[in-house]
Structures are given as structure tokens and as C-alpha cells.
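Novice: One letter stands for each residue in the lines below.
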Amino acid sequence: MNCNEFVELVTEFLDGALPEDDERRFIEHLAECSGCETYLDQFRQTIATTGELTPDGISADARQQLLSAFRDWQRE
Amino acid sequence: MAGARELPPDEVLVQRLRDGDEETFALVLDTWSGSMLRLAMSFVSTRDSAQEAVQDTWLAVIKGIGDFEGRSSLKTWVYRILVNTAKARGTKESRTVPFTSLLPEEEGPTVDADRFRAPGEPYAGHWAVGQKPQPWHIPEDHVLRGEVREVIAEAIDELPPRLRTVITLRDVAGYGSEEVCDLLEISPGNQRVLLHRARALLRRKLEKYLSGAHDVAGGRGRA
Ligand SMILES: [Zn+2]
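Quick note, the sequences are listed as chains R and Z, same order.
Heads up: take any position in the first sequence, counting from 1, add 108, and you land on the working numbering.
So that you can map any letter, position 66 of the second sequence is 63 in the working numbering, and since no number is skipped, the others follow by simple counting.
None of these hints come from the bench; they were simulated from the model.
Just so we're clear, the structure is a prediction, and the values are computed from it rather than from any experiment.
Keep in mind that a hint or two might mislead.
[Unchecked claim] Straight-line C-alpha distance at most 25 Å; calculated SDA-like pairs for lysine to any residue:
hint	chain 1	residue 1	chain 2	residue 2
1	Z	K84	Z	T107
2	Z	K60	Z	A110
3	Z	K129	R	D169
4	Z	K60	R	W181
5	Z	K205	R	A125
6	Z	K202	R	D130
7	Z	K129	R	H137
8	Z	K84	R	A177
9	Z	K205	R	R133
10	Z	K60	R	S176
11	Z	K89	R	A170
12	Z	K84	Z	F65
13	Z	K202	R	R179
14	Z	K84	Z	D109
15	Z	K60	R	Q172
16	Z	K129	R	W181
17	Z	K129	R	A177
18	Z	K84	Z	K205
19	Z	K129	R	A170
20	Z	K205	R	E145
21	Z	K202	R	D169
22	Z	K84	R	E113
23	Z	K202	R	L117
[Said to hold, decoys possible] So, partial list: chain Z residues that the calculated Cβ filter (under 8 Å) puts toward chain R:
hint	residue
24	L26
25	A57
26	R77
27	T107
28	G127
29	D168
30	S174
[Said to hold, decoys possible] Okay, the calculated bits of chain R under chain Z, using three or more residues with CB under 8 Å as the criterion:
hint	stretch
31	117 to 123
32	130 to 137
33	149 to 155
34	166 to 174
The C-beta atom is built at its ideal place from N, Cα and C for all residues, glycine as well.
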């Protein structure tokens, strides 16, 4: 496997979606190529950091309105 | 992953919501609204419109929780309402994000071809001299980590809508690939192409940021 092929298969590899044969070639390449080992590691770190995002919530106003809507609806 | 933490199991959540437990409602509202907002941004043209889509979704949830049948997880049910609501708004704003097939710009290599040795050269297709990825050091310090997260958040905002939608669901909201395919009515193969592209773009941004930061003594500078 070449490096330019390897870098396109990373998501499939991480999803466990690579056909057995390709997975074997992927792992063989990984074992002997430090550049691709770094690439895979950076991909993992990117995914992990993306998972740490705490996106902004809705506005305080909207939150209050929704809470009172919930209260009113339950009372009906 | 964001969204899944500290929430009781679905049966408990649903029962409490039906019982009118305001604390539980506030909890799901605060836990999910952020990623819902990002998701809605994929379908509509302004932040205000996305806010309204999220609000409309929660109103529909309040009214519909009695009818929730538990065939999917509560969160998937809520997200599905959101996607429908946001899509309808987007259509009105004549901004649609069809997912049935890939666009030409979504195919092709995700790493610049000139980082690899050219065809015909010895070791063609392997990393070219000086182009090999260099190991990163993502700082432990929480302020600096926050800066790295900021780089990612900005990069996500700049992604084309389809890529943004898929990465938001998979990597921010923590959905599995099957759920995302279901939610967006998209094939597993196409879902993976979009996700891979989005991740590769974020990795590239981080690489640029982290290598820039490395040039400055102390590593605090921004490229
Ligand atoms: Zn390689």
C-alpha cells in the first residue's frame, strides 16, 4: 500500500469498515511507515478534540421561553 | 462524547418529561441544544433562523412527548424533528442540502498530491522529502487546549454544509454511522466519504495551527 492510498482509508479503518484484505494491507503499511503512523495518530487526535467541543447553547431568552412553555403545557 | 454525559437512561428521561419534571427538561435542553444549533446551521442560512428551528423543535418535543413510542432513542427522535424543521426552513429560504449523491468536489484526494512522491519516481505515492506529517503536541494546559478547540470550531463553521452536517453528527454529537445514515437518508459509503473529507480538512487546519505555534518560542504564538 502507498501512503497516498493509506491516508484515504483512515475513516474506513477507524469505522471497522475496511474489507479484510485492505485492513491487512493497511496494518502492514502502518507497521513500516512512520509518516502514516503519525497521520493516523493526528486523525485520532483531531476526532478526539472535535468530541470535546461544547457548542454554544440557545439564547438565555429562548431558554426561559421554552421552560415556561414546558410548564404551561404540562399544566393543561 | 458531548451530549451523552450525565443523562439518565431513556425510559427514565421520557417518564420524567411526561410527568412534567422541569429539571429534567432543563437538563436535556442544556445538553442537546448546542449541537442541535450547529446541526440546524447546516440547513438554514442564518444563526437566528437556526435558533428558531431549535426552539420550534423543542416546542414540538414538549407537545409530542406523550406520543413518543421509543422506537428510536429519545435523542434520535429529537434530532429527527430538528432535521425536518430545519430542512423545511431551509427550503423556504431556498437553501437545500440534498444528500442523495456526492458532489464532484467531495471526491478526489483529501491530502495534497504534492506531499507525495510523483508517479514514476522511486517510492511513488509515499511521503515526499520534508512532507511527512510531524508528530503533534496538543498542549495539556486548558487555556491552550481551549485555543485548539477554537481552531476546530472555526474550521467546522467554514466547512461546506454537507460536510459540516455529517461531522457534527458523528464527531461532535457522537452518533454512530448507522444512525447518521438513517437520519440523513444517505448511504454508508457516501456518509464515510463526507466524514473523511471533513476530518481531513480539520486535521489540515490543526496541522497548520500547531506547526505555526511551534515556530514561536514557548509555543503560544498563532500562525
Ligand atoms: Zn505511509
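Novice: Give a verdict on every hint.
Specialist: Hints and how they fare:
Restraint check: the Cα-Cα separation between Z:K84 and Z:T107 comes to about 28 Å, which exceeds 25 Å; the hinted pair is violated. For the hint linking Z:K60 to Z:A110, the alpha-carbon distance of about 53 Å lies beyond 25 Å, and the restraint is violated. Distance check on the hinted pair: Z:K129 and R:D169 sit about 50 Å apart at the alpha-carbon level, beyond 25 Å; violated. Annotation: proposed proximity of Z:K60 to R:W181 holds, straight-line Cα distance about 7 Å (limit 25 Å).
Between Z:K205 and R:A125 the CA atoms are separated by roughly 29 Å; this puts the pair beyond 25 Å, and the hint is violated. A threshold of 25 Å between alpha carbons decides the hint, and for Z:K202 with R:D130 the separation of about 28 Å lies outside it, so the pair is violated. For the hint linking Z:K129 to R:H137, the alpha-carbon distance of about 15 Å falls within 25 Å, and the restraint holds. For the hint linking Z:K84 to R:A177, the alpha-carbon distance of about 24 Å falls within 25 Å, and the restraint holds.
Distance restraint check for Z:K205 and R:R133: the Cα-Cα separation of roughly 29 Å exceeds the 25 Å cut-off, and the hinted pair is therefore not satisfied. Between the alpha carbons of Z:K60 and R:S176 the distance comes to roughly 13 Å, so the proposed pair stays at or under 25 Å and holds. For the proposed pair Z:K89 and R:A170, the alpha carbon gap of about 22 Å is at most 25 Å, so the pair holds. Restraint check: the Cα-Cα separation between Z:K84 and Z:F65 comes to about 21 Å, which is no more than 25 Å; the hinted pair holds.
Proposed proximity of Z:K202 and R:R179 is contradicted: the alpha carbons are some 44 Å apart, above 25 Å. For the proposed pair Z:K84 and Z:D109, the alpha carbon gap of about 34 Å is over 25 Å, so the pair is violated. Between Z:K60 and R:Q172 the alpha-carbon distance is near 17 Å, which keeps this suggested pair within the 25 Å criterion. Between Z:K129 and R:W181 the CA atoms are separated by roughly 59 Å; this puts the pair beyond 25 Å, and the hint is violated.
Straight-line distance between C-alpha atoms of Z:K129 and R:A177 comes to about 56 Å, which puts the hinted pair past the 25 Å bound. Pair hint Z:K84 plus Z:K205 does not hold up; C-alpha atoms about 34 Å apart against a cutoff of 25 Å. A distance of roughly 48 Å separates the Cα atoms of Z:K129 and R:A170; the hinted pair therefore is violated under the 25 Å criterion. With a C-alpha separation of about 18 Å, the suggested pairing of Z:K205 with R:E145 holds against the 25 Å cut-off.
For the proposed pair Z:K202 and R:D169, the alpha carbon gap of about 34 Å is over 25 Å, so the pair is violated. Taking the CA atoms of Z:K84 and R:E113, the gap is near 36 Å; set against the 25 Å cutoff, the hint is violated. Under the criterion of a C-alpha separation no larger than 25 Å, the hint pairing Z:K202 with R:L117 is consistent with the structure, at around 19 Å. The criterion of a C-beta within 8 Å of any C-beta in chain R is met by Z:L26, whose closest approach is roughly 6 Å, and the hint holds.
Taken as an interface hint, Z:A57 does not check out: its beta carbon lies about 11 Å from the nearest beta carbon of chain R, beyond 8 Å. The beta carbon of Z:R77 is not positioned within 8 Å of any beta carbon in chain R (closest approach about 19 Å), and the interface hint is therefore violated. Checking Z:T107 against chain R: minimum C-beta separation of about 6 Å stays under 8 Å; hint holds. The interface hint given for Z:G127 is violated, since its Cβ lies 11 Å from the closest Cβ of chain R, which is over the 8 Å cut-off.
At about 4 Å, the closest approach between the beta carbon of Z:D168 and any beta carbon in chain R falls short of 8 Å, and the interface hint on this residue holds. Interface restraint check for Z:S174: the shortest CB-CB distance to chain R comes to about 6 Å, inside 8 Å, so the restraint holds. A count of 4 residues in the stretch 117 to 123 of chain R with a Cβ less than 8 Å from any Cβ of chain Z is obtained; the coverage claim is therefore met, three being the minimum. With a threshold of 8 Å between beta carbons, the proposed coverage of the stretch 130 to 137 of chain R by chain Z is violated, since 0 of its residues qualify and at least three are required.
Restraint check on the stretch 149 to 155 of chain R versus chain Z: 6 residues with Cβ-Cβ distances below 8 Å, three needed, restraint holds. Only when three residues or more bring their CB closer than 8 Å to a CB of chain Z does the claim for the stretch 166 to 174 of chain R stand; here the count is 6, and the claim holds.
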